[in-house]
Amino acid sequence: MRVVYFRAGRKAAFASTVRLLALAGAIAIVSFAASPRTSDGSASPPLVMEATRSDDKITLRIGIAAEPTRLDPHDASDAPSSMINFHIYDRLVELNEEMEPTPSLATRWSRNERGDVWTLELRPGVVFHDGTPLDARTVKASFDRLLDPRLGLARRSVISGFVREVVVRDALTVEFRLYEPVAPFLQVLAHDALGIVATNGTEPSTPAGTGPFRLGEWIPGTRLVLEAFEAHWRGAPAVDRLVFLSIPTASSRAIMLETGEIDVAFPIEPVHVASVDQSPEVVVETSATQRLVYLALNMNHPPFNEKEARRLASRAIDRASIARHLLFSLANPAWVPIAEGTWGYRAVTTPFDPHSGQSEIERSGSNRPRVSLWSPAGRYPQDRAVAQAVGAFLELAGFDVEIRLFEWGAYLSSLRQSDGWNAAVLGWVPSTGDADMALRPILYSGSRGNISGYASPAFDGVIDEAARELDPDRRLELYGKAVERIIEDVPIVPLYSPHLAFGRRRSVEGVRLFSTETIDFRFAHVTGASM
Amino acid sequence: MRRALGSAADFLTALAGVVAISFILMQWLPGDPAEIYAGEEASFEEVEAVRRRMGLDRPLPIQFAQYLSRAARGDLGTSIRSGRPVILELRSRMGATFLLASLALAFAAAVALPIGIMSAAHPRSTLVQSMDWVGLAILSVPVYWLGLTLILLFSLTFRLFPAGGDATIAHYLLPAAALGAHTGVATARVLRSSLADILAKPYLNTARSKGATQARTLWKHALPNALAPALTYFALESGRLLGGAVLTETIFSINGLGRFVVQSIAFRDYPSVLGAVLLMAAAVMAANLAADLVCSRIDPRLRGL
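For the record, the sequence lines run as chains D and R. My numbering puts the first sequence at residues 1 to 531. My numbering puts the second sequence at residues 532 to 836.
Any given hint could turn out to be false.
What the hints assert, rightly or not - From the derived model, a few chain R residues whose C-beta atoms are all more than 10 Å from chain D:
| hint | residue |
| --- | --- |
| 1 | L543 |
| 2 | A569 |
| 3 | S661 |
| 4 | M662 |
| 5 | V815 |
| 6 | N819 |
| 7 | L820 |
| 8 | A822 |
Stated by the list, open to error - Output of the computed footprint for chain D on chain R, the stretches with three or more beta carbons under 8 Å from beta carbons of chain D:
| hint | region |
| --- | --- |
| 9 | 615 to 629 |
| 10 | 777 to 786 |
| 11 | 799 to 811 |
Keep in mind the hints are simulated off the structure, nothing from the lab. Glycine included, every Cβ here is placed at the ideal spot set by N, Cα and C.
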C-alpha cells in the first residue's frame, strides 16, 4: 500500500511535531530553572571565550580529573582535595624542588641536640581569611585539633606517631616535643595535610586558612572557585580567580584545552601528551614524579615465599621496555624502592636477563609455578597494559601467570582480605619527599601499606636508626643499607616512576608541577599576548 | 480513590524493594568506605577511628533499619564522601540530569515522529532506505562512542558547540543528541511497524471508501492507534536514558545524577548511592505512570485496565 502526502498532511505533521517540541522545551526550561546556578547570577559565560579576562578579573579555568571532596586538609585524603587545600592553607614549612625545607609560615627553626624538640618562629603579621591573626596559639590549636583522637580525622596518622605535644613558647614561637628524634621532621611539617586551619568556631564548610587563595564559591561536582586573598603575606597573587572544573574524561579534558574552554588541563594522560602538544595554542609540561609503581610479592605463599623465586621475578621483568613502549618514555624505569627525586635515592640498575630464569625453573624440574597477578584497572596510567607486560615477562621466566583486574575501590581491601594473590601492582608516592616516607609505609613490619607481608628486623632496625640520625651523610649511608636489604630480599619489585603532565594555553605561565604530584598555581600569571 | 491509594502503595513497595536490593548489592561489592576515606597513608588505627565516626562499625541489619526509618521521614543521611546531606547532593545534581533527559527525549521524539511516519508511509523510497542504514549504524554504536565522535566533529573540528560543562543550554545540545539518538531511532522503528500494521487494516479501507483523504486517513484514523506502542516504548526508554546519562554526563563533564552515582559507587558511599537510586527509580516509575495515562487517553480500550 502506498500513502501519498497531501499539503494538509504535511502541515499537520509539522504542527504536531512543533507541539511536542514545545512541550519538551517547556519541561527542559523548567528543570533548567530549577537547577541551582551560581549565586552571583553571573553564570552563562560565552560559549568559547579565549581565556582568562572578564570583568577586569584575571581568571584561570582549570580542568581537573576528579572533584575535591572536603576542604579540610586534616580530613581529606584524596588528591583533588589536597590540590585545592594546598592553595587555601599555608603550611609552616615548604619543600623546594630539591626537597629541602624552606620558610613559609615559619621563618626560622632550630632543634635540640637530641633532635626530639623542634622550635619554630612564626612569621609576624600573618592573618587568616576570616581576619584572625596567626600566632603560636592558633598554630597549636590547629595541631591539637588534628591530634585529637576523639575527632577521628582522616590525616591524624601523618603526625600522631611523632608529635607528643605542641607547646606555645611565646606569641610567635611554637615548640614541637616529639616521642623520639625525627630527622626529617621539617619534611613532615611540609606535608599537604598539615595546613594551618583557623579552628575557633570554624566549620570545615567555611574553610579559613592563611593561603594566597580563599574559597569563593563551590557548587559540588561542577566548579570550585578560589579568589585571590589580597592580604596574603607574600602579596596578592597575580591571578584573581582560580576556577576548578571537574572534567572526568581524559580526552574531553584535552579537547576542551584545545578549544579554549579551559586554560589548564591536569593531568594529561600519557597517550594524549604527543597529540595535545601538537596544537599551536597549547603547551604540555611534564614532570618526573616520586611515585613508585611496583609489584608486591606475596611472601606468605608459594612460589614467592622463596627468595629465589622473588629474585627470578625481579630479573625477568624488563622495566626499561615497559617504560619506553607502554608509557611512551613518560616514566623512569626503577630498580630501587626509593624513586629518583626522593631524598635518599641512589642509582642502582640490575640487569634484565630473560633466559636465566627459565633454565633455573627447568633445572628444578617442577611444574611451572602458578602466579595470580592482580592489578587495578584505571588507577595508574596504562595499568592494564603494564600488568599484561609484567605477566608476559613472568611467563617467559617460567611462571604460569593468571591476571586479575580490579576496580580501585575494591582492590586494596581485596588484597588485604584474600590469600589468592601472588603478585600485585601497586603505587606509592612519599608526600614528604623523604626516604623514610618512601620505605616505612610499604615495607616496615606491620605497616598498613606493607601488602607483601615483609618482616625483616634488620631492615626495620636500619630505617629506625636512619629516621633518628641527624647527620645527613650518615643518614644517606643508612638508606643505602636499607635499599641493599630490599634488593637482597625482594619483597617488592620496583617497576617505574611515571611522569605527570599538565597542559596549558600558551598565555598561561608560572604553573609549577612538583615531583610530589602537587600542582602549584600560586605563582601563575597570564601574559598579554592572547587577551 | 481506592485505586489511587493502591497504586501509591505499589509505588512505595517498589521503591523499598529497589532500596533493599541496592543496599545488598553495595554490601556485596568488595571495598570499604572507611578505608577509602582514610586514604593509603592512614594507619590501621586511623581507619578504625574513621569507621567508628561514620557508624560503619554497627551490624548491617541495624544500619539498614536505621536507613529505612530515616528515609521514611525524608532524611536520606549524610554522604560519606563529602559529609554533606545526601538530599543537598541530589538536589544540586538532579536538575542537570532531568534537563539532559528531557532534551534527549525531545530530540528522540523529533527524530522518531517524522522518520517513523515517513518510513511507514513510503517504505520503498530511497531516502527512507538510506535513513534505515544510518539508523542501524546509530543503534549499533555505544553512546560513549557517539558522544566522543560528536565532540570531535562539532567541538574540535567545527567549533560549533562547547565540548563539556553545563553552564548554558548550549552545553546540553550535543550530549542530548548523543543520548537521545538511540531512543529516537529505536522508537521510530516501533512506530513504523505499528503504523504499517494499522495501515493494512480493513477499517482504513472503510475510511478511504467513505471519501477520507489520504492525509486524514493517516493522521486521524491510523496514527492515534499506532502511537500507543511507540509511547509505551518511549516511556520504558526513559530508564535506559538515565543509564545512558551515566556515560554521557561523564564524557561531557555534566554534573548530574549519573556521574554522581559513578563517583559514589567508586567511593562506596552507600547513602549517596541509595539516595540517587531511589530518586532515579521514582523518576522512571513516574514516567511509566505518565505514559499509561497518556495511552489510556489516546486508546479508550486501555482505560479499564
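Violated hints - listed by number, lowest first: Failing hints, ascending: 2 and 11.
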